[in-house]
Amino acid sequence: DAEITQSPRHKITETGRQVTLACHQTWNHNNMFWYRQDLGHGLRLIHYSYGVHDTNKGEVSDGYSVSRSNTEDLPLTLESAASSQTSVYFCASSEGTLVSYEQYFGPGTRLTVT
Amino acid sequence: AQKVTQAQTEISVVEKEDVTLDCVYETRDTTYYLFWYKQPPSGELVFLIRRNSFDEQNEISGRYSWNFQKSTSSFNFTITASQVVDSAVYFCALSERRTGFKTIFGAGTRLFVKA
Numbered sequence: 001d002a003e004i005t006q007s008p009r010h011k012i013t014e015t016g017r018q019v020t021l022a023c024h025q026t027w028n029h030n031n032m033f034w035y036r037q038d039l040g041h042g043l044r045l046i047h048y049s050y051g052v053h054d055t056n057k058g059e060v061s062d063g064y065s066v067s068r069s070n071t072e073d074l075p076l077t078l079e080s081a082a083s084s085q086t087s088v089y090f091c092a093s094s095e096g097t098l099v100s101y102e103q104y105f106g107p108g109t110r111l112t113v114t
Numbered sequence: 001a002q003k004v005t006q007a008q009t010e011i012s013v014v015e016k017e018d019v020t021l022d023c024v025y026e027t028r029d030t031t032y033y034l035f036w037y038k039q040p041p042s043g044e045l046v047f048l049i050r051r052n053s054f055d056e057q058n059e060i061s062g063r064y065s066w067n068f069q070k071s072t073s074s075f076n077f078t079i080t081a082s083q084v085v086d087s088a089v090y091f092c093a094l095s096e097r098r099t100g101f102k103t104i105f106g107a108g109t110r111l112f113v114k115a
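From first to last, the protein sequence lines stand for chains F and E.
With our numbering, the residue at position 49 of the first sequence is 49, and numbering never jumps.
With our numbering, the residue at position 4 of the second sequence is 4, and numbering never jumps.
These are computed hints drawn from the structure, not numbers from a lab.
Even for Gly, the Cβ is constructed at its ideal location relative to N, Cα and C.
Any given hint might turn out to be false.
In silico DSS-like pairs for lysine-lysine, Cα to Cα no more than 27 angstroms straight-line [said to hold, decoys possible]:
| id | chain 1 | residue 1 | chain 2 | residue 2 |
| --- | --- | --- | --- | --- |
| 1 | F | Lys11 | F | Lys57 |
| 2 | E | Lys38 | F | Lys57 |
| 3 | F | Lys57 | E | Lys114 |
| 4 | E | Lys3 | E | Lys102 |
| 5 | E | Lys16 | E | Lys114 |
| 6 | E | Lys38 | F | Lys11 |
| 7 | E | Lys102 | F | Lys57 |
Away from chain F, derived, C-beta distances all over 10 angstroms, residues of chain E [stated by the list, open to error]:
| id | residue |
| --- | --- |
| 8 | Lys16 |
| 9 | Arg28 |
| 10 | Thr78 |
| 11 | Lys114 |
One chain only, chain F, in its complex shape:
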């Protein structure tokens, strides 16, 4: 069965360190997204991609970067982790570009920055 996976599921890191969160999907979807979930804010879009070599900034992109070298993967990098980036991170994918389809979500990564 197709799926979307994230690793690690839990991560504790120190302020200032670079951290990369992995996202891998086997749906063969063109679209991939990274969100962060914080209490009271719902899910906020960090970065998204509509295909290989395409990346775009979302509403809370400062301090984060992504790259898309193949269809299946969209790793999220925190350049220099800050305590404000402690959050739960969700990766998602969807098909289509001319029509908006539902997104399939990974299980999430809980990141703590100390």
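Got chain F; can you put chain E on it based on the hints?
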């Protein structure tokens, strides 16, 4: 501006009660999509429904029903005869054509269903 408001932060009901979760959206686009997702205590997000702006028909799926009203910019979700397994956070979301269908989520409504 694209915006989704879920004014109810938390709702608590007793099993078998009906409950409605409100969602109000703002958009200037004529082509847009609305979604509901469920996030149970286990944490994963599960898609429930998608509607496009040209289809105002209400939808029923088992105990779940959705009322889409463009006149009031609302897309409300009703659970009939609630069950403990319905306890979750529910998110309403909006995507607009003019933003390339980026999805904006509401803050979510946490539903507690007590036995």
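So, going through the hints one by one against the coordinates:
no. : hint                 : verdict
1   : Lys11(F) / Lys57(F)  : 24 angstroms, holds
2   : Lys38(E) / Lys57(F)  : 25 angstroms, holds
3   : Lys57(F) / Lys114(E) : 41 angstroms, violated
4   : Lys3(E) / Lys102(E)  : 12 angstroms, holds
5   : Lys16(E) / Lys114(E) : 9 angstroms, holds
6   : Lys38(E) / Lys11(F)  : 25 angstroms, holds
7   : Lys102(E) / Lys57(F) : 11 angstroms, holds
8   : Lys16                : 29 angstroms, holds
9   : Arg28                : 16 angstroms, holds
10  : Thr78                : 20 angstroms, holds
11  : Lys114               : 22 angstroms, holds
When each numbered hint is compared with the structure, a violation occurs for hint 3 only.
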